[in-house]
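J.: Sequence:
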Amino acid sequence: MWTDRTTTESRTGATEKLRSVLLSALLLMSVVAGTVAVSGTAAAASNVSVEQAVEYSDASGASTVELALSRSVTNGLDGTGELEVYLDGDDVSGTLVDSIEADGTGGRVAIDLTEDVTPDRNLTVTLTDFGSDAVTATDIDVTSQTITPASSSDSDVNVYHGEVIAIEDIDADPDSDLLVEADGGSVVLDGSYADNSQVYVLDTDDLDAGQRYDITAGSDTAGFRLSDLDLTIEADTNITDEDSVTADVTSVRGGTAATATLSASDGDEVATAVEILDGTESVEFDFGSQSADDGPYTVSVTDNQTGVTVTSDDISVSEAQEGEVRFENSVVSDERGDVVSVTYRFENTDDGYVVIGDESEENYAVSGQITDDDGDGEVTVLFNSYLAGVPNSGNASISASDVLSVSGDDEISGVSESGSFARDDLTAEALEAASYEMNATAGTSRSDDPDTTGTLRLETRSTERVQSWVAPKDADLTDEDIGIHDRVGANLTQSSEVADGDIVVHRITATGIEGALDYRSDVEGAGDTTAAFLQATGDGDAFNIWVNRTNVGANADEDPLRLNDSNVVVVDDPDNDTYFVAVELANANYQSGTPIRGDDDEVTTTFVVSDATGLTDEDDSGTANYTITERDAGLDATDGLVTVEAAANQSVSGTTTIAPGSEVEVSLDSESEANPFIRRPAATVASNGTFTATADMSEYAAGVNFTADVLDVDSDSFAVDGDGRIVTAAVENDAAESSNASASSSEATTEEPTDRPTEAPTPTESSDGAVAAPTEAQTATGSTDTGTTAASGPGFTAAVALVALVAAALLAVRHDT
Numbered sequence: 001m002w003t004d005r006t007t008t009e010s011r012t013g014a015t016e017k018l019r020s021v022l023l024s025a026l027l028l029m030s031v032v033a034g035t036v037a038v039s040g041t042a043a044a045a046s047n048v049s050v051e052q053a054v055e056y057s058d059a060s061g062a063s064t065v066e067l068a069l070s071r072s073v074t075n076g077l078d079g080t081g082e083l084e085v086y087l088d089g090d091d092v093s094g095t096l097v098d099s100i101e102a103d104g105t106g107g108r109v110a111i112d113l114t115e116d117v118t119p120d121r122n123l124t125v126t127l128t129d130f131g132s133d134a135v136t137a138t139d140i141d142v143t144s145q146t147i148t149p150a151s152s153s154d155s156d157v158n159v160y161h162g163e164v165i166a167i168e169d170i171d172a173d174p175d176s177d178l179l180v181e182a183d184g185g186s187v188v189l190d191g192s193y194a195d196n197s198q199v200y201v202l203d204t205d206d207l208d209a210g211q212r213y214d215i216t217a218g219s220d221t222a223g224f225r226l227s228d229l230d231l232t233i234e235a236d237t238n239i240t241d242e243d244s245v246t247a248d249v250t251s252v253r254g255g256t257a258a259t260a261t262l263s264a265s266d267g268d269e270v271a272t273a274v275e276i277l278d279g280t281e282s283v284e285f286d287f288g289s290q291s292a293d294d295g296p297y298t299v300s301v302t303d304n305q306t307g308v309t310v311t312s313d314d315i316s317v318s319e320a321q322e323g324e325v326r327f328e329n330s331v332v333s334d335e336r337g338d339v340v341s342v343t344y345r346f347e348n349t350d351d352g353y354v355v356i357g358d359e360s361e362e363n364y365a366v367s368g369q370i371t372d373d374d375g376d377g378e379v380t381v382l383f384n385s386y387l388a389g390v391p392n393s394g395n396a397s398i399s400a401s402d403v404l405s406v407s408g409d410d411e412i413s414g415v416s417e418s419g420s421f422a423r424d425d426l427t428a429e430a431l432e433a434a435s436y437e438m439n440a441t442a443g444t445s446r447s448d449d450p451d452t453t454g455t456l457r458l459e460t461r462s463t464e465r466v467q468s469w470v471a472p473k474d475a476d477l478t479d480e481d482i483g484i485h486d487r488v489g490a491n492l493t494q495s496s497e498v499a500d501g502d503i504v505v506h507r508i509t510a511t512g513i514e515g516a517l518d519y520r521s522d523v524e525g526a527g528d529t530t531a532a533f534l535q536a537t538g539d540g541d542a543f544n545i546w547v548n549r550t551n552v553g554a555n556a557d558e559d560p561l562r563l564n565d566s567n568v569v570v571v572d573d574p575d576n577d578t579y580f581v582a583v584e585l586a587n588a589n590y591q592s593g594t595p596i597r598g599d600d601d602e603v604t605t606t607f608v609v610s611d612a613t614g615l616t617d618e619d620d621s622g623t624a625n626y627t628i629t630e631r632d633a634g635l636d637a638t639d640g641l642v643t644v645e646a647a648a649n650q651s652v653s654g655t656t657t658i659a660p661g662s663e664v665e666v667s668l669d670s671e672s673e674a675n676p677f678i679r680r681p682a683a684t685v686a687s688n689g690t691f692t693a694t695a696d697m698s699e700y701a702a703g704v705n706f707t708a709d710v711l712d713v714d715s716d717s718f719a720v721d722g723d724g725r726i727v728t729a730a731v732e733n734d735a736a737e738s739s740n741a742s743a744s745s746s747e748a749t750t751e752e753p754t755d756r757p758t759e760a761p762t763p764t765e766s767s768d769g770a771v772a773a774p775t776e777a778q779t780a781t782g783s784t785d786t787g788t789t790a791a792s793g794p795g796f797t798a799a800v801a802l803v804a805l806v807a808a809a810l811l812a813v814r815h816d817t
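FYI, the UniProt record's numbering numbers position 328 of the sequence shown as 328, with every residue one higher than the one before it.
These aren't lab readings, by the way, just hints derived from the structure by calculation. Some hints here could point you the wrong way.
To be verified - DEER-style ranges, computed between Cβ atoms:
| id | residue 1 | residue 2 | range |
| --- | --- | --- | --- |
| 1 | D557 | G394 | 42 to 48 Å |
| 2 | G375 | D632 | 57 to 63 Å |
| 3 | D266 | T455 | 50 to 56 Å |
| 4 | D278 | R212 | 37 to 43 Å |
| 5 | G375 | S99 | 52 to 58 Å |
Even glycine gets a Cβ: it sits at the ideal position worked out from N, Cα and C.
Turn these sequences into a full structure, and let the hints steer you where they fit.
T.: Written out as structure tokens, the structure is:
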């Protein structure tokens with residue numbers, strides 16, 4: 001597992017700078033007497049010093065070294081024989097120097113080179129006979145590209161963040177201003193050219209990546225966009241001395257070289273490597289295994305073209321402990337013909353050697369070296385027992401690595417079969433059902449004293465059962481987001497009746513056929529499980545499947561469905577020895593040419609494992625019987641009428657023959673021009689074939705008639721054409737009943753201000769028999785005068801009625817006394 005790391009950027013390594021300084025000192029001591037060392041990049045000769053030294057590509061495109069002197073000299077360079085050029089400490093004067101462009105008499109030395117120097121190199125120039133003395137320039141700025149402002153500049157150049165670039169102006173003088181502005185106007189540099197120089201050196205490390213910049217040199221302009229090179233490095237920071245020190249390097253630019261340097265804890269350079277960066281994928285730098293004594297190590301990678309450098313975190317190397325490989329389960333069982341999974345655990349090692357079988361005891365063995373390449377501490381080996389023994393016969397169509405392989409990102413190599421058991425082809429008797437020894441050893445070779453041993457129990461295969469299931473017409477059984485078993489009870493239902501046009505799913509439970517399917521996929525190149533299954537079916541193949549109409553009448557053969565990749569989908573679950581073979585009836589026809597009829601076609605499906613596989617002595621089969629029925633639907637009605645109320649959440653239910661899980665729509669189309677509407681509520685078919693759709697009918701008037709229909713999953717009509725009507729919504733009347741109960745008193749009276757009793761108003765009875773309570777005015781005055789309107793509001797009438805009843809009760813008590 002890669003660990004998080006922090007990268008640092010630099011121009012040159014500390015070791016290179018130290019070497020450059022030592023070289024300069026040696027050169028200075030070797031020149032003629034009278035040479036005096038000064039600070040900076042040069043030694044002075046006759047009071048002449050180098051103020052700036054830079055390598056760049058001039059306007060002609062030639063690589064040039066410019067030395068800007070503190071003043072002009074009388075005795076300049078007479079030719080290339082009066083200078084020495086060193087690259088990384090090596091004298092390359094005879095191969096790198098081309099000509100002298102400027103001899104120093106004007107205060108500037110310009111040396112044309114035969115080739116470009118990349119920023120990762122260390123460049124030193126010595127003028128051996130200059131003004132009667134010698135001058136040396138060390139640690140020269142090597143730029144990655146040159147920008148030359150011009151009177152008309154309409155394009156930008158791309159510069160990577162961290163590059164050191166040259167800005168050239170052949171007419172420059174100390175009074176020439178140089179301005180660099182970020183896009184938007186902010187000034188990031190306001191400077192001028194050095195005396196006797198035509199080049200300004202700009203380090204982009206302090207500028208912002210992703211930004212555009214404008215350069216103005218006098219009246220000339222140029223522009224560049226600063227991009228991020230995204231040079232990154234990843235290294236495993238905890239390894240053993242048996243592991244290789246590796247670093248994975250990425251960059252947005254490919255096709256250019258990068259140099260990686262492995263350094264020990266004391267800074268000494270251990271090794272270097274050069275690789276070409278890809279630009280899209282990481283590139284690995286491999287330094288092999290390293291001693292734990294010199295760690296921790298670091299790897300620094302420099303992009304040669306730009307000089308941008310990144311450095312890994314410390315890489316700790318420890319002494320490797322003794323490795324061990326063991327079984328996750330020491331006893332593994334499976335059926336002959338299947339692919340057996342054996343998982344091995346690793347401790348303190350990434351390599352192991354595994355053996356299944358024993359040449360002397362079982363007359364067969366297959367072995368190979370496995371590597372935990374993904375670093376998760378385990379490797380799962382896949383043993384295809386269906387193919388075992390064929391490579392041992394010399395049959396080149398199947399290799400030993402087809403018999404024994406690994407899953408995931410791990411690796412296996414050096415696979416071979418041994419023993420006397422061999423098969424000429426796949427029709428010969430397969431590996432017997434028996435117990436086979438297994439062993440494993442840490443390392444890369446087979447051992448007579450393995451770390452661990454185990455047992456593989458290969459059992460007899462069988463075909464358990466074939467069942468008929470049904471799925472909706474539009475179901476996508478290959479959708480990997482939904483497991484096949486998760487569909488059971490949702491849109492996959494066991495059934496002996498299948499509606500015409502739906503998907504009939506044959507659920508086959510059979511052991512020992514996984515190896516044949518894997519062979520078709522891994523060796524024969526089948527693109528998916530469906531293709532592998534279809535390739536493996538047929539006369540003389542591993543197995544076969546027939547889907548036959550049996551009610552063909554007397555004196556006629558059964559009529560099989562034509563099965564091909566246009567109407568068959570296979571979903572496998574080999575861990576449970578289950579295979580779902582789905583046939584889309586909408587895309588299938590019988591071999592006779594007769595189309596599928598939805599009028600009770602009787603079908604028998606037979607799945608057979610052939611004796612030609614060498615897995616069984618005789619054909620082993622299973623069958624399923626089912627009926628193809630008419631695709632139909634109907635709506636529940638009362639007295640031939642589908643009714644809904646003029647309210648929300650109105651349910652319309654029905655039944656259908658199509659598959660549970662199917663999505664249908666109930667169509668409600670108004671027959672009224674005054675109240676037009678079309679409602680299409682959806683519904684899902686339940687496991688018992690019923691469905692219920694819910695619609696909001698609150699916006700429509702009672703009494704409106706409509707036509708009710710059911711639409712199939714593809715919106716085709718089932719032609720139900722039922723009559724429907726919107727009826728009045730039921731209204732609850734609890735408040736009225738409460739009021740009537742409160743007003744059930746017989747002769748209540750109201751007391752006047754005088755002592756003379758007055759009869760209370762009598763409650764009135766409506767024509768429907770409901771009793772109405774006295775009004776507020778009647779209760780208060782004892783009169784039925786309606787000239788005054790009683791106050792009203794929430795709870796007001798009920799409160800007044802209560803006061804009236806209490807008053808009447810008091811009067812009655814007083815009267816009795």
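J.: Taking the hints in turn, state whether each one holds.
T.: We went through each hint and held it up to the structure:
no.	hint	verdict
1	D557 - G394: 42 to 48 Å	43 Å, holds
2	G375 - D632: 57 to 63 Å	59 Å, holds
3	D266 - T455: 50 to 56 Å	53 Å, holds
4	D278 - R212: 37 to 43 Å	27 Å, violated
5	G375 - S99: 52 to 58 Å	56 Å, holds
In the structure shown, a violation is registered for the earlier hint numbered 4 alone.
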